[in-house]
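Those protein sequences? They're chains A and B, same order as listed. Residue 3 is where the first sequence starts when you use our numbering, and the numbers rise one by one after that. Residue 673 is where the second sequence starts when you use our numbering, and the numbers rise one by one after that.
None of these hints come from the bench; they were simulated from the model. A couple of the hints might just be wrong.
Claimed, not checked - Not everything, but these chain A residues come out facing chain B in the computed CB check (under 8 Å):
id: 1; residue: V376
id: 2; residue: F379
id: 3; residue: I391
id: 4; residue: S403
id: 5; residue: F533
id: 6; residue: A535
id: 7; residue: E546
id: 8; residue: S722
id: 9; residue: P750
Treat the numbers as computed from the prediction; the structure is a model and nothing was measured. Positions of the beta carbon are idealized from the N, C-alpha and C atoms, including for glycine.
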Amino acid sequence: MIPLGDILLYATLVLSVIALIGLLLKDFKNIEYLTKLVTPAIIIGAGLLISAFILLTYYFVTGNYAYDYVWQYSSRDLPVIYKISGTWAGQPGTYLLWVLVIYLSAAWLAWTTKHSTALSRRTQIITLLSGIYLVILTLIQTPFKLILDRPDVIDMIAKGQLAADFLPADGNGLNALLVNFWMIVHPPLMFIGYATMTIPFAAAIVYLVTKADGWEELGRQWARFTWLFLGMGIAVGGVWAYLVLGWGGFWAWDPVETASFIPWLTLTGFLHAAALHRKDKSTFSIAAPILAAVSFILVLYAAIVVRSGLFNSVHAFGDTSTGTLLIIFIAIIAIVSIVLGMRRYLEEPDKVEEDRGFWNKTNIFYVSLLLFVVLAFISFWGITFPAFIQLTQGLKVGVASDTKNFFNLWSYPFTIILLLALGFCLNYNEKNKEEQKKTLFIVIGLTIVTMFLRTENFYVLDHSSPFWVREPAIYKLIGNISVVSLFPSMIYAAWSTIQRLLDYLRIKSIRPRIKGIGIAIVHFGMILILFGAVISANFTQSIEGGSIPLASKGEIVSLGQGGYAAKIINFSTGSLAESAPAAGIRISEINNNPADYVNNDVKVTGKIVDFINVPTPPTNTTYIKIDDGTGNLWIATQADQPLNIQNGIEITANGLMVANFKSNTTGTTYDLIIFTTPDAITQAAPSGNYNVQSVQLEIYNGNNMIGSGTAQYLDSKTGSGTFPMVHSSITGTDVYVIFQGLSGGSVPLTLKIIPGVNFAWVGIIFFAIGIILIMAVRSKS
Amino acid sequence: MRTKKLVSILVLALIIAFAYFSYTTALSNFTLSDKNNSYLGGIKFHRAAAGLEDGFQIAQQENKPVMVYFWAIWCQYCARFQTDTLGNPEVKNILENDYVLVAMDLDIDREVAQQYGVSYPPYLVFMDPKGNVLQRVPGAVGPDYLLPIVTQVREQVRGK
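If we strip away everything but chain A, and leave its shape as in the complex, we get:
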């Protein structure tokens, strides 16, 4: 029997094929036979995909572990919100989300244009072709696969190890790293970005084939939308890395974040090309559509990188079996784009135009486009060639002694040129050209001079790194450039942006004004992000390997050198689930029916709320009061040494229960008490799948408290995650503490003092506001 979800996908496929045939008939033979069906078919198809997605979410929320995907990425004790986000935790679910968004955009295209123009019909044809291809991919790796269809389950049933109607009682659980707010948001943003890339691509291909007018308006508006979502997806990924992974930074050139960054760069190039192309159709008539096509190809490439084993990174939570099909898809599109681009290039008449010299806006824009392509290529090459070498030669290579060196090093000079181009272009004015050229040359001069500045350690490559002496010559050469050289061009770009903003503010008519403000804000945001990245990457102070014994709670304990210290305010353990079943008997049950338990072996679990150590030579006796939320109970044990325990720790104890015990040493009479041995007291076995250790801290520099907060460590059978304490201050310097889980009665801490990160966050907000302002103003075509 085919699962309901798959039936919905098959139905979408049938409807898409009908719509596609309808469009093709209309376009090539002018047969209107199926034309009326096209729009409804696409909209119903989108509706079916929405239903399929809701159905999958429903399976997740209700914990329907008959489905393999649900079983793999969820479990009963997860809070509802994470059950929902489990829907997009793995590849099958993200594919479904991807096709869903493609069909939503197709439906939007159908609804708004009614396929009345050739451009809209042809764009729809390409969109549908991409959609159909991805629906097939989704079906091959369907999220609706039954657990009974898993090869290992089939095998175990055949061997009689499992019943024929096997249904798991609980799921495998969500990876601990995914259990946080940012991961609820990150994948949808990302995949909405991926999916909405389809329409600019389709429009560009149509333009390359037919030279259709109006493609750039359609493509541009969607590309901005993609740019926003992709950009925000990448940004949220950075926030996740910073706040959850404990990277101590928001960007680490991880293969996957880099892979998403590449299409974003080429898309940036496309938006710039399209801006001029719109004003003069002969400008960038090939560059613009090719950049749109390249961005789409790179989105597919990113999809491969995200889930394939070759580019293992923090994102590799699952294997892929559809990677080959994606590669074929990429190959087809790449060949089609190249052929069409070449054809257009050869057809293009050689323009005879007056020579305006090198220094004109089109040329500087063109240089910027090339810079975006170069930066994209550096990133692309850096993640690709090690995989290529591994595939072809079976050798593992690094791109540099430290991965980030490669990207930082090569991108650095081009980033400076890009900033210079930005400064020049934003302030470009035909009349004042000579004066502006002078300014530009002064800035270039300053940049070159500052490259040679010697500082303590503010270079493109870290001179204090153990690798520095062993770097190849050219790496040393570029690595020796002082990062101070970034600032002249950065200040120049910022100054130009502000000048431009002031110009825009003076514009009377409202639309160009809002759009201009948007443009200025976006560029300013980018400069801020870059500034934040450079400052935080270069000036982070890291104090590693600090460890504070739990016993010294409440005392200020020094952390390494540098005068930093920390104080543990509180330590506690818990579970993500609210009602995790505890080992043993509920304390309320014991207190209500003591007769059933007295003089019997009893096992209880609870958090330590109080304890007394009394010397009872030759040993020590420890009285521990535990609370399991239903009531409390005393436990007594004897050991050679006082027990090293802390309030807040959850323990499980097993021993003989005694009634009305009067202690001579403490003078207390205990109504009920369990006598046990130290061996029979254990730190509570994980009661749920997700155990959280929280340590509340205050961080000191000398005698001043510089930060406070809670650092957490989440442990589960599917991995562990650190949730660092991040204390931001208005000065922009974060106090950042990573807690790696209780170890031998001590709290291991890594302290980082990170400056400048706030600039990046503000920059991201600027970026989003700016592009939304630009999108809000639809320019007249």
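With chain A fixed as given, assemble chain B onto it according to the hints.
Chain B alone, transformed into the frame defined by chain A:
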């Protein structure tokens, strides 16, 4: 049009040169495939899933603890962790003499990683010869932090 063409060709040449240069530099300077079993820290490890089995056998014969190091090619923290922490003379001395060392590549030995609940590198798992996990050290910790653990686990296994 001509300036554009010229600039394009220049940039294309630059890109090709860069691609070729970085490719060959990586092959000559940054090879991570270590046929000699020597990682950046200069420590010899047993490798891969088979290495783990061997490791336990040796550990049982010599009554040594086993340290499994989970690393990955793309992990930039690992590089420094290997030179600074594992390569720290004191730590290295204890590891080489009193431990059976196994390295697991997270890209290749995924099942082992899953078995021990390791999801990111660098990650150390300390075990007794029977395979019971005694300590876990996630993340790129410093030598000051690792040294007491290395000593403690050794004493724990010797004491048994």
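Cross-check of the supplied hints:
A least Cβ separation of about 6 Å between V376 of chain A and chain B falls short of the 8 Å threshold, and the interface hint therefore holds. With 8 Å as the threshold, the beta carbon of F379 of chain A comes within range of chain B, its nearest partner Cβ sitting at about 6 Å, so the hint holds. With 8 Å as the threshold, the beta carbon of I391 of chain A comes within range of chain B, its nearest partner Cβ sitting at about 7 Å, so the hint holds. Below 8 Å, beta-carbon pairs count as interface contacts, and S403 of chain A has one with chain B at about 6 Å; its hint therefore holds.
Interface restraint check for F533 of chain A: the shortest CB-CB distance to chain B comes to about 22 Å, outside 8 Å, so the restraint is violated. Interface hint status for A535 of chain A: violated, as the beta-carbon distance to the closest one in chain B is roughly 16 Å, over 8 Å. A distance limit of 8 Å between C-beta atoms decides the matter here; for E546 of chain A the minimum to chain B is near 4 Å, and the interface restraint holds. Against a cut-off of 8 Å between C-beta atoms, the interface hint on S722 of chain A holds, since the closest Cβ of chain B lies about 6 Å away.
Hint on P750 of chain A holds. Least Cβ distance to chain B is approximately 6 Å, under the 8 Å limit.
Violated hints, in rising order: 5, 6; the structure is consistent with all others.
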